[in-house]
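Turn these sequences into a full structure, and let the hints steer you where they fit.
So the protein lines, in turn, are chains A and B.
Following this note's numbering, the numbering of the first sequence begins with 1 at its first residue and continues without gaps.
Following this note's numbering, the numbering of the second sequence begins with 1 at its first residue and continues without gaps.
Treat the hints as calculated values from the structure; they're not laboratory data.
A hint or two may mislead.
[Stated by the list, open to error] Have a look at the derived ranges for each label pair, beta carbon to beta carbon:
| id | chain 1 | residue 1 | chain 2 | residue 2 | range |
| --- | --- | --- | --- | --- | --- |
| 1 | B | Gly16 | A | Ala54 | 30 to 38 Å |
| 2 | A | Glu52 | B | Tyr29 | 23 to 31 Å |
| 3 | A | Val55 | B | Asp8 | 37 to 45 Å |
[To be verified] Partial chain A-side listing against chain B, Cβ under 8 Å, derived:
| id | residue |
| --- | --- |
| 4 | Gln41 |
| 5 | Gly42 |
| 6 | Pro43 |
| 7 | Leu45 |
| 8 | Arg48 |
| 9 | Asp56 |
| 10 | Gly103 |
| 11 | Glu105 |
| 12 | Phe108 |
| 13 | Gly109 |
| 14 | Pro110 |
Here the structure is a predicted model, which is why all the values come from computation and not from measurement.
Where a beta carbon is used, it is the ideal one built from N, C-alpha and C, also for glycine.
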Amino acid sequence: EAGVVQSPRYKIIEKKQPVAFWCNPISGHNTLYWYRQNLGQGPELLIRYENEEAVDDSQLPKDRFSAERLKGVDSTLKIQPAELGDSAVYLCASSLDKAASGGGEQFFGPGTRLTVL
Amino acid sequence: AQSVTQLDSHVSVSEGTPVLLRCNYSSSYSPSLFWYVQHPNKGLQLLLKYTSAATLVKGINGFEAEFKKSETSFHLTKPSAHMSDAAEYFCLMDTGRRALTFGSGTRLQVQP
Numbered sequence: 001e002a003g004v005v006q007s008p009r010y011k012i013i014e015k016k017q018p019v020a021f022w023c024n025p026i027s028g029h030n031t032l033y034w035y036r037q038n039l040g041q042g043p044e045l046l047i048r049y050e051n052e053e054a055v056d057d058s059q060l061p062k063d064r065f066s067a068e069r070l071k072g073v074d075s076t077l078k079i080q081p082a083e084l085g086d087s088a089v090y091l092c093a094s095s096l097d098k099a100a101s102g103g104g105e106q107f108f109g110p111g112t113r114l115t116v117l
Numbered sequence: 001a002q003s004v005t006q007l008d009s010h011v012s013v014s015e016g017t018p019v020l021l022r023c024n025y026s027s028s029y030s031p032s033l034f035w036y037v038q039h040p041n042k043g044l045q046l047l048l049k050y051t052s053a054a055t056l057v058k059g060i061n062g063f064e065a066e067f068k069k070s071e072t073s074f075h076l077t078k079p080s081a082h083m084s085d086a087a088e089y090f091c092l093m094d095t096g097r098r099a100l101t102f103g104s105g106t107r108l109q110v111q112p
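Structure (structure tokens):
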């Protein structure tokens, strides 16, 4: 069974440029998560989808970040414009369980390492 | 407020000695609690989870954790450390749609 797929694996951009990350979750998984992980810190939840509904986006900086999960499968996270402080690893995870249950095992992708110059 | 505190940023043990990684949580709701491990350049992998069933939870690779509501703790233990256990460990609290919070991580070093 294929795991969570993310692309690109690495991205280097100049500040003020846009950037997008793509995630393909494990087939059949209802819940999809986007995290940001700064160096030496734990992942920080940005947004959580249950199917195509964003059920928790309270930590998403909505002035520059946007996300979508069309048809409840693949998801895209976008930053426009990027700032120096956005340099981090962006992780995608998926879970079979619905968000409301809170007990689902998350399967993580390898992440996208973003460097903003 | 919901929060997860991993009390040690670094833990160093000798191979063959016990491991204790500490996690305390704060939540107004009944949480599900997880421990994940992250090896260098690898994705996060689930070690074990607590979801209101047995308070002593056994996971992979000989790890276990005990949920103690009175102490709001979920500490991770292993009787005998192996060199391959060297990694970053994260405690996660999930209260459903209300909050999902990772701790800041504990780096485990295993000395030969």
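Against the structure, the hints come out as follows:
1. Taken as a hint, the range 30 to 38 Å is violated for the pair Gly16 (chain B) and Ala54 (chain A), whose Cβ atoms sit roughly 47 Å apart.
2. Against the hinted window of 23 to 31 Å, the Cβ-Cβ separation of Glu52 (chain A) and Tyr29 (chain B) comes to about 26 Å, which satisfies the hint.
3. Taking the beta carbon of each, Val55 (chain A) and Asp8 (chain B) are about 33 Å apart, not inside 37 to 45 Å as hinted.
4. About 6 Å separates the beta-carbon of Gln41 (chain A) from the nearest beta-carbon of chain B, less than 8 Å, and the hint is met.
5. Satisfaction of the interface hint for Gly42 (chain A) is found here, the shortest Cβ-Cβ separation to chain B being roughly 3 Å, below the 8 Å cut-off.
6. Hint status for Pro43 (chain A): holds, given a least beta-carbon distance of 5 Å to chain B, under 8 Å.
7. Taken as an interface hint, Leu45 (chain A) checks out: its beta carbon lies about 5 Å from the nearest beta carbon of chain B, inside 8 Å.
8. For Arg48 (chain A), the interface hint holds, the least distance from its beta-carbon to any beta-carbon of chain B being 7 Å, beneath 8 Å.
9. Using the Cβ-Cβ criterion of 8 Å, the hint placing Asp56 (chain A) at the interface with chain B is satisfied: the shortest such distance is roughly 6 Å.
10. With a least beta-carbon distance of about 4 Å to chain B, the hint placing Gly103 (chain A) at the interface is held under the 8 Å criterion.
11. The interface hint given for Glu105 (chain A) is met, as the beta carbon of that residue sits about 5 Å from the closest beta carbon of chain B, less than 8 Å.
12. Nearest Cβ of chain B to the Cβ of Phe108 (chain A): about 4 Å, under the 8 Å cut. The hint holds.
13. The beta carbon of Gly109 (chain A) comes within 6 Å of a beta carbon in chain B, closer than 8 Å, and the hint placing it at the interface holds.
14. Because the beta carbon of Pro110 (chain A) sits about 5 Å from the nearest beta carbon in chain B, less than 8 Å, this interface hint is met.
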